[in-house]
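Chains as they are written, first to last, in our numbering: chain A, 6 to 547; chain B, 6 to 547.
Misleading hints may appear alongside valid ones.
Copies of the same chain look alike in the list, so a pair counts if it fits in one copy or across any two.
To be verified - List of simulated lysine to aspartate or glutamate pairs, EDC-like, C-alpha gap at most 20 angstroms:
1) Lys284 to Glu359
2) Lys404 to Glu38
3) Lys404 to Glu255
4) Lys284 to Glu207
5) Lys404 to Glu110
6) Lys511 to Glu457
7) Lys319 to Asp114
8) Lys425 to Asp144
9) Lys289 to Glu90
10) Lys425 to Glu462
11) Lys511 to Asp431
12) Lys291 to Glu441
13) Lys284 to Glu38
14) Lys321 to Glu375
15) Lys13 to Asp227
16) Lys14 to Glu462
17) Lys397 to Asp114
Think of the hints as simulated: they come from the structure by calculation, not from any bench.
Number of protein chains: 2
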Amino acid sequence: MNMPGSKKKVLILGGGFAGMYTAKHLERLLQPEEAEISLVNLENYSVYQPMLPEVISGSIGLTDVVSPIRRICPRSHLIMRDLEEIDLARKVVTVSPGFRPRRLELPYDYLVVALGGTTSFYGMPGMLENAKPFRNLADAVALRNHLIHALEEADVETDAALRSKLLTFVVAGGGFSGVEVMAELNDFVNSVKKNYSRIRKEKVRCVLVHSGDRILPEMTQDLALFAQRILARRGVEIVLKDRLAAATSEKAIFKSGVEVPTKTIVSTVPSTVAPVLQKLDCAKDKGRLLVNSFLELQGYEGTVWALGDCSSAKTKAGNPVPPTAQHAIREAKTVAHNITAAIRGGTRSEFAFEGLGKLGSLGHFSAVAEILGIRISGVLAWFLWRGIYLSKFPGFSQKVRIGLDWVIALLFPPDLVQLKMLRESDIRRQHFEPGEVVFNQGDFGDSVYVIEKGACEVIREQDGQPRHLADLGGGDYFGEMAVLADVSRNATIRATTPLDVLLIPKDDFSTLKNAVPAFGDVFKELAKARSGMAKSESRPEA
Amino acid sequence: MNMPGSKKKVLILGGGFAGMYTAKHLERLLQPEEAEISLVNLENYSVYQPMLPEVISGSIGLTDVVSPIRRICPRSHLIMRDLEEIDLARKVVTVSPGFRPRRLELPYDYLVVALGGTTSFYGMPGMLENAKPFRNLADAVALRNHLIHALEEADVETDAALRSKLLTFVVAGGGFSGVEVMAELNDFVNSVKKNYSRIRKEKVRCVLVHSGDRILPEMTQDLALFAQRILARRGVEIVLKDRLAAATSEKAIFKSGVEVPTKTIVSTVPSTVAPVLQKLDCAKDKGRLLVNSFLELQGYEGTVWALGDCSSAKTKAGNPVPPTAQHAIREAKTVAHNITAAIRGGTRSEFAFEGLGKLGSLGHFSAVAEILGIRISGVLAWFLWRGIYLSKFPGFSQKVRIGLDWVIALLFPPDLVQLKMLRESDIRRQHFEPGEVVFNQGDFGDSVYVIEKGACEVIREQDGQPRHLADLGGGDYFGEMAVLADVSRNATIRATTPLDVLLIPKDDFSTLKNAVPAFGDVFKELAKARSGMAKSESRPEA
């Protein structure tokens with residue numbers, strides 16, 4: 006099928022284990038003269054999902070839990086850009102600009118789609134602003150830093166209610182990922198807490214919420230119940246037959262109406278496909294790309310393959326392929342084989358792997374495992390977990406690093422360094438539920454607010470009595486007076502309906518006010534009108 | 006002096022080695038009933054400056070190069086907040102709000118100021134926007150990530166001039182810090198470059214610029230010349246008797262007028278004191294707090310002490326105290342002793358340490374050292390450097406971690422994982438020198454610009470001929486058309502004078518436009534006027 010001298014362009018989208026292993030197998034199967042392999046991924050590494058929760062406690066070094074794609078696939082061209090568009094008709098993929106503001110077009114002969122999933126909080130109020138996803142390395146590091154920040158603040162905080170919120174941690178989703186995150190988080194917080202002298206004796210509350218009637222739906226009932234007992238013994242509250250429905254900066258709200266006051270909500274609930282695939286017009290099953298048992302995209306057989314979490318596939322025997330690392334790695338082998346067959350001619354192979362077993366870590370020398378039909382739990386399962394996952398980790402140097410990390414983690418207490426990298430103060434959105442306070446009279450004025458949706462009321466305490474001063478709704482601004490005059494808030498703002506606001510931090514507000522006078526004028530006039538009103542008695546503003 | 010039962014409040018500002026060791030010694034010298042020790046620091050760790058450059062290559066794990074303050078000083082209260090004000094008259098320090106937007110006031114009986122330095126780019130155009138400081142862990146991680154990003158982009162970039170800029174690295178300052186950063190950076194880039202197949206053979210250019218007539222002013226001439234030879238042999242260009250004067254996103258501009266096209270400028274030039282000290286009204290010497298040989302702040306003897314880089318001190322023998330870790334650690338001991346004397350009564354001690362020697366790493370098995378009068382260079386100095394600094398690192402577990410990191414770094418190639426945490430797209434400033442292009446016709450429209458200072462021209466290429474369309478100056482906006490209409494730039498913008506602009510990224514622009522209609526109107530009307538002009542022939546806009 007291949008004309009001599011015509012080098013084929015194979016383009017792989019996504020650098021998770023599915024995409025990276027496809028490239029790795031293709032490098033082995035195809036000669037450099039036969040094909041040029043390119044791989045598009047936003048990061049220059051592949052995350053080993055099963056070990057990601059260990060980043061929380063730092064028992065694996067931050068950069069040891071990932072594999073540098075360039076080392077594993079030295080012959081592939083890595084393009085570290087964001088995907089903008091896939092054009093299946095023109096056979097061209099467009100990626101975002103880099104240092105130079107030009108989009109880049111990548112033509113292909115053969116396309117592999119391995120984009121995994123993305124977290125979607127669609128239709129769940131306040132989740133985007135307040136629930137932390139747990140998918141990639143940045144998420145894991147951000148969660149670790151947030152936990153340390155919460156402990157640091159709890160140690161300083163004098164208000165008991167706020168301290169208790171800071172020491173409450175909610176994880177949504179009782180699958181492997183949620184259970185492992187909860188186990189690691191609970192171990193970590195309880196272990197480092199003793200370094201915080203003022204909260205050493207306070208109770209830490211960890212809540213795991215899951216929609217089913219037991220956790221770990223991937224496993225048999227007895228192993229799931231074993232896991233529940235282990236977690237409960239370590240102090241984790243397990244809430245079943247319920248789910249996270251909404252979130253604010255002060256609490257998690259479950260579907261049943263139960264509210265948990267907390268500053269930390271982690272969501273590991275199942276995901277949707279990447280936006281670039283959502284707008285792709287092709288055969289799909291519940292949003293995921295529909296492929297045949299050769300893993301070819303329906304309608305693009307012999308040209309486009311899809312694998313991993315973004316695809317919906319059945320094995321040769323007709324069973325649906327679950328979204329796990331062991332399946333992704335084997336799918337990659339099938340895809341690489343079939344691309345080679347497409348280039349050279351030859352027989353395509355069907356995906357026939359049915360899974361070797363299931364492993365879930367519970368942290369702290371415990372795990373659950375079902376391997377080749379045998380069920381194991383406890384210390385032995387934990388050794389199995391570590392042994393099997395370490396042996397599957399790509400690259401010898403990484404294996405050594407992780408092994409040493411584990412030895413160190415056994416010998417010494419976990420590290421509590423907060424590697425702060427994020428600037429927290431940019432223009433962002435926030436969600437409030439009815440009755441929640443946006444800010445209190447007397448607070449420091451750090452942001453200006455614009456109401457995008459919902460309503461709130463302005464309340465001022467005078468002579469010990471709260472007085473209702475005004476109602477505000479969509480399109481209204483508030484909070485400009487304290488920011489413009491650099492004083493503290495002169496009133497309290499409380500949501501009267503579900504409220505979505507845009508926060509403009511003080512620094513950005515000042516910059517914009519000076520650069521775009523019309524912008525500043527809007528707020529200056531408002532402040533003038535409101536302070537005039539305040540003086541002439543009635544409706545002032547925070 | 007101390008009344009029985011009256012627990013004294015000792016407040017330490019700054020958690021560098023000076024502050025952290027003061028707390029550590031105080032915990033040993035004073036009983037818990039005698040004093041409550043608090044320490045304010047923005048991070049919960051102390052950075053070991055001499056090893057910080059090793060974070061660049063990852064030869065020391067990201068979080069291994071720092072010491073968690075809570076572990077070293079378990080009895081002190083760490084307050085992880087930003088300093089806002091020091092009131093020496095009222096004996097109160099104010100810190101920024103945490104999760105709750107209230108400032109916190111901390112009263113003290115005894116105050117220790119150990120705030121180190123901060124990088125100041127005052128009066129150097131474009132430095133704040135384009136030169137990277139190298140002081141703390143976040144700086145080191147950000148530099149490492151930037152280097153990897155530059156290599157990734159160079160590997161994809163087809164434009165040779167841009168590729169060469171991406172592969173040029175400028176470090177300003179030839180003291181210990183600048184030399185160590187340059188040595189690590191040069192080793193790292195040249196070592197990982199081979200993983201980038203398209204730039205494997207391209208030249209990397211590393212330029213070290215220093216104001217003196219030789220680098221390492223801290224050392225004797227022969228050792229400095231040895232270091233220069235070693236660096237030159239590894240391909241580093243050393244530019245002497247010159248200094249960095251300005252920077253843009255495209256080049257470094259030296260005082261002599263020499264320009265180096267580059268995307269990476271690191272500044273290690275000496276620093277100034279923290280802003281909170283700049284506004285403090287007390288005795289100073291070139292901005293630094295003036296202390297006597299007991300390290301007491303002039304005018305506040307027996308109440309306020311200052312040490313480390315933020316203070317100006319002389320030893321008992323009358324020699325100025327240099328800003329090094331070994332001096333800071335000994336100053337901490339003196340301060341702790343003198344605070345104990347102030348509380349219990351007793352004799353104060355004078356600071357008499359004159360330094361044991363000087364060590365500078367050149368990376369790659371080489372270093373220079375002057376110890377107890379003996380000068381050593383090369384491999385032996387390198388072993389000395391590692392041995393001495395490792396032995397001085399506080400905490401046994403960290404020593405083990407670093408030791409293992411070093412063994413791994415000797416056995417395996419450096420890790421090239423880019424741990425991206427920063428969102429790059431917030432409202433920010435940028436500086437352009439005359440003749441530089443802000444954006445080119447045909448570029449992707451990713452930001453709207455507001456001119457804060459300076460002027461630029463609008464040029465459109467028509468029939469292969471550049472045509473001057475308009476001049477813009479302070480307060481003018483540009484770039485809104487491509488962003489509003491989501492198309493590429495229809496003209497080129499070039500600075501005609503030094504130009505300072507505010508960049509509003511597309512996302513923030515859209516959000517603000519919708520939330521504050523008056524803001525959007527400014528740009529919509531402008532765009533309408535300009536596109537009207539464009540149609541009726543003359544002055545359109547990018």
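*Out of the numbered hints, which ones does the structure contradict?*
The structure breaks hints 1, 2, 3, 4, 5, 7, 10, 12, 13, 14, 15, 16 and 17; every other hint is satisfied.
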